[in-house]
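With these hints in hand, go ahead and build the complete structure from the sequences.
Each chain, letter by letter, is given below.
There are 2 protein chains.
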Amino acid sequence: MTAPFHLAAFMNAGPMGTVGWRHPEARPDFLDAAYYLETARLLEDARFDLLFIPDSLAVPRSLQGSFEPAVRFGAGTPRLEPLTVLALLAGATSRIGLVATTSTGYAAPYAVARTYATLDHLSGGRAGWNVVTSFQDAEAQNFGFPALPPREERYARAEEFLEAATQLWDSWSDDALVLDKESGQLGRPEEVRAVDYRGEHVATQGPLGVPRPPQGYPVIVQAGASPQGRDVAARWADVIFCSHESIESAIEFYADVKRRALEHGRDPEAVRILPAVSPVVGTDRADAQARHRAFEQLVDPVAGLSRLAYHINTDLTRYDLDGPLPELDVSGVQGHYREVLEHARRENLTVRELGQWYGARTEGYLVGSGSDIADGMEEWVDRGAADGFMIVAAHVPGSFAEFVEHVVPELRRRGRLREEYRGTTLRENLGLARPARDEWRNRARGRGAAESPS
Amino acid sequence: MTAPFHLAAFMNAGPMGTVGWRHPEARPDFLDAAYYLETARLLEDARFDLLFIPDSLAVPRSLQGSFEPAVRFGAGTPRLEPLTVLALLAGATSRIGLVATTSTGYAAPYAVARTYATLDHLSGGRAGWNVVTSFQDAEAQNFGFPALPPREERYARAEEFLEAATQLWDSWSDDALVLDKESGQLGRPEEVRAVDYRGEHVATQGPLGVPRPPQGYPVIVQAGASPQGRDVAARWADVIFCSHESIESAIEFYADVKRRALEHGRDPEAVRILPAVSPVVGTDRADAQARHRAFEQLVDPVAGLSRLAYHINTDLTRYDLDGPLPELDVSGVQGHYREVLEHARRENLTVRELGQWYGARTEGYLVGSGSDIADGMEEWVDRGAADGFMIVAAHVPGSFAEFVEHVVPELRRRGRLREEYRGTTLRENLGLARPARDEWRNRARGRGAAESPS
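Sequences listed follow chains X and A, in order.
Quick note, my numbering runs 33 ahead of the 1-based positions in the first sequence.
Quick note, my numbering runs 33 ahead of the 1-based positions in the second sequence.
Be aware that one or more of the hints could be misleading.
Which copy is meant is left open, because identical chains are indistinguishable; a pair holds if it fits in one copy or across any two.
Simulated pairs of lysine to aspartate or glutamate, DMTMM-like, Cα-Cα distance not exceeding 25 Å [unchecked claim]:
| id | residue 1 | residue 2 |
| --- | --- | --- |
| 1 | LYS214 | GLU77 |
| 2 | LYS214 | GLU386 |
| 3 | LYS214 | ASP65 |
| 4 | LYS291 | GLU411 |
| 5 | LYS214 | GLU58 |
| 6 | LYS291 | GLU233 |
| 7 | LYS291 | ASP317 |
| 8 | LYS214 | ASP320 |
| 9 | LYS214 | GLU71 |
| 10 | LYS214 | ASP170 |
| 11 | LYS291 | GLU472 |
| 12 | LYS291 | GLU329 |
| 13 | LYS214 | ASP62 |
| 14 | LYS214 | GLU302 |
| 15 | LYS214 | GLU329 |
| 16 | LYS214 | GLU186 |
| 17 | LYS291 | GLU223 |
| 18 | LYS291 | GLU101 |
| 19 | LYS291 | ASP213 |
| 20 | LYS214 | ASP415 |
| 21 | LYS214 | GLU101 |
| 22 | LYS214 | ASP362 |
If you are wondering where the hints come from, they were derived from the structure by calculation, not from laboratory data.
Structure, rendered in structure tokens:
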């Protein structure tokens, strides 16, 4: 089969990790509008479906509880607020989807639903929300809590949060606004309703102060890798972002999530699975490999461990640096540690060697010529591991520029990328139906969970 | 004296009240980017210092607890999230200040400080924060609280919130970023510090994930009219937005706030007081009066009472519509009810008549030719009632367009408006110093309040 697949672009609202900002071509002006405006235009010109910005609510305190390594090496800091960046881009782009990350841990559904509804209106239906539950103690502490709540509680809150948010988006019908200047009637009160959501973790009255978003609901993105995470994603997500060390684990994940979506009463086709790929492109394979080696040489092993500590909320410098990786039940992103452990075992790495490797690592390396990388991507799609890819930049804008120059034309030649946007909204470009009002009622809670409270 | 004064523009992120959206020239596309982009460009071309967007966190439930009149008449709804609108504008403008409204009641200092710091970076130092404490029960209920907290508690929280936010903005020194690609050092850890703020109402650990804003602190705007409100404003505000029914009450307010600023150890010149003015401009006075009468005829008295109920959190339809206004201690914006009462007494209005008047009212009408309005503005500045004005649009973009066409050139001829922006940041354009790190320590709490906890 040669159906076109989807392309998303992943970049931080700040430096790209401890190594990416050091790349000779990396732009240093990541606090300025121009950095984002010019990168978004590059991606839109290449017809990417969406631009995705991750988030974190703290300067990571990854080694011995100190934020010093993060500041010194640029591990997860600084980082601008992603919705603000995307709102900036909404006025300067016209087709590319704009997906920000917002945690359900420390905000209220009314505020989050309102901001995404606003972005969806102002962008003409191009907003997406990557729903995360946060994973660092330092984030909880920035919001006045002593520590990260347990995973079960975080996911229970996330489910309620999504129920409340979707009901807020549904509080105005699609045709509630009349705007009849003659009679003085602005809206139809009978087409607007309260929500009165009372959960264990969140509550809101409604209605929302913003009419129903152009897309019905903004596109929901999720990246949960744990069983709870997969279940939330299967219930709610339109797009699932994931990361795998091998095509085999990607195929297993793909099949599992599509099966879970079916269990939640959803069409598995309505869930787009986009594994992360970090392409290192060269004029030929040798050139690409040389580029990749040059990049790896920029890594400091402690910076790499600091970055890993940030991702898994666990400080591996407490263990023997020259010993093997310990088996741990980490409180951070669980699936991620599993992958890292898998890699370390396979390559027989010490903790120090792992730091060296991890510092330069971006999800799903593909190193080679444009044709090599196109081959790799085709294989993943054709073997049922992907509906498209999240292209993770190692450095900005260089990684995207190389991909656009060398890989995009190759994929177009092979009929795997569309030449033009299919529509104006992100849902249209992803080939996803616009949810009717009350569509959330079709999203049954997973096994063992209580019925929706309203 | 003929020193230039300041101009700010006030518009909703939605329809302009129950009447403004019905104006024949009012644009109906207030959910679209173009509405904001084109209006902001008009204001920037005329060299306005800033664009100000108010906010509210609920569809007002102003009459008998129902949101129906608000939806029917367009009283305070719909309303987009203001920071998202201003971020959109940051990319499409280069000099005009961007002031959004955010309540301290239902958000966390970490989130708010981070978003305004982001907007300040992306706009090159043009962000401002209008600090409000919220005044409607419906807003509290949207965030899971049973009712609006008492005024004392709201202001105590606001003070803590501002202390925490300024300390977060100060958590990075101005030169903490190094970005040395050669050595791999991104930042100087010794120039970044935690905040560890523990108040009665808010707490945060820090440091902020965003480096110190270009303006040090975004411009702080306040509009408190009650004694507590004036005190918070005198301690924290760079710009004070107010509204008066007479020049005499404006002169009293101006003198009182400048005196309070001095008591807080601040230079009274460092506080800009901008009363609201809603100009109705015509080719001559008769034309302007005819325009104003036409506008008033669009009012439904119940819509007017619904709008008033939203502003003062009190439903006057519970009283005799044909009787006089009652004396009330309203829980909403206190100074506002005092003004309305003052007007009703002077004009001997019934509740119904007040509704008719209030529906068309915008703060500080000035009706006349360009020359008449310039005369009025000059008088206010020269008699010590104002450092400039907040131009409140009755309808958008017409009110601004008329003001720019007829009043701005007249004020320029008189030397009361500068021809060009003075600088690139909002502080520079307002003639306000950039706060050094830890400048917040100079902001002593008001009488009787405890010392700052850190």
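Evaluation of the provided hints:
1. LYS214 / GLU77: Answer is neither; intra-copy 38 Å and inter-copy 29 Å both fail.
2. LYS214 / GLU386: Between copies only: 22 Å across chains, 70 Å inside a chain, cut-off 25 Å.
3. LYS214 / ASP65: Cα proximity of LYS214 and ASP65: across copies only (18 Å, versus 42 Å in one copy).
4. LYS291 / GLU411: within (20 Å within a copy, 69 Å between copies)
5. LYS214 / GLU58: between (55 Å within a copy, 10 Å between copies)
6. LYS291 / GLU233: neither (29 Å within a copy, 48 Å between copies)
7. LYS291 / ASP317: Intra 36 Å, inter 70 Å, cutoff 25 Å: neither.
8. LYS214 / ASP320: Only across copies: LYS214 and ASP320 sit 23 Å apart there, 65 Å inside one copy, limit 25 Å.
9. LYS214 / GLU71: Classified as between; 22 Å across copies, 41 Å inside a copy.
10. LYS214 / ASP170: Classified as neither; 53 Å inside a copy, 30 Å across copies.
11. LYS291 / GLU472: So LYS291 and GLU472 pass the 25 Å test inside one copy only (19 Å; across, 55 Å).
12. LYS291 / GLU329: neither (36 Å within a copy, 59 Å between copies)
13. LYS214 / ASP62: Intra 47 Å, inter 13 Å, cutoff 25 Å: inter-copy only.
14. LYS214 / GLU302: neither (44 Å within a copy, 45 Å between copies)
15. LYS214 / GLU329: Between copies only: 14 Å across chains, 64 Å inside a chain, cut-off 25 Å.
16. LYS214 / GLU186: Cα proximity of LYS214 and GLU186: none, with 49 Å in one copy and 41 Å across.
17. LYS291 / GLU223: neither (38 Å within a copy, 49 Å between copies)
18. LYS291 / GLU101: neither (42 Å within a copy, 42 Å between copies)
19. LYS291 / ASP213: neither (46 Å within a copy, 46 Å between copies)
20. LYS214 / ASP415: neither (55 Å within a copy, 40 Å between copies)
21. LYS214 / GLU101: Classified as between; 18 Å across copies, 59 Å inside a copy.
22. LYS214 / ASP362: neither (62 Å within a copy, 35 Å between copies)
When each numbered hint is compared with the structure, violations occur for hints 1, 6, 7, 10, 12, 14, 16, 17, 18, 19, 20 and 22.
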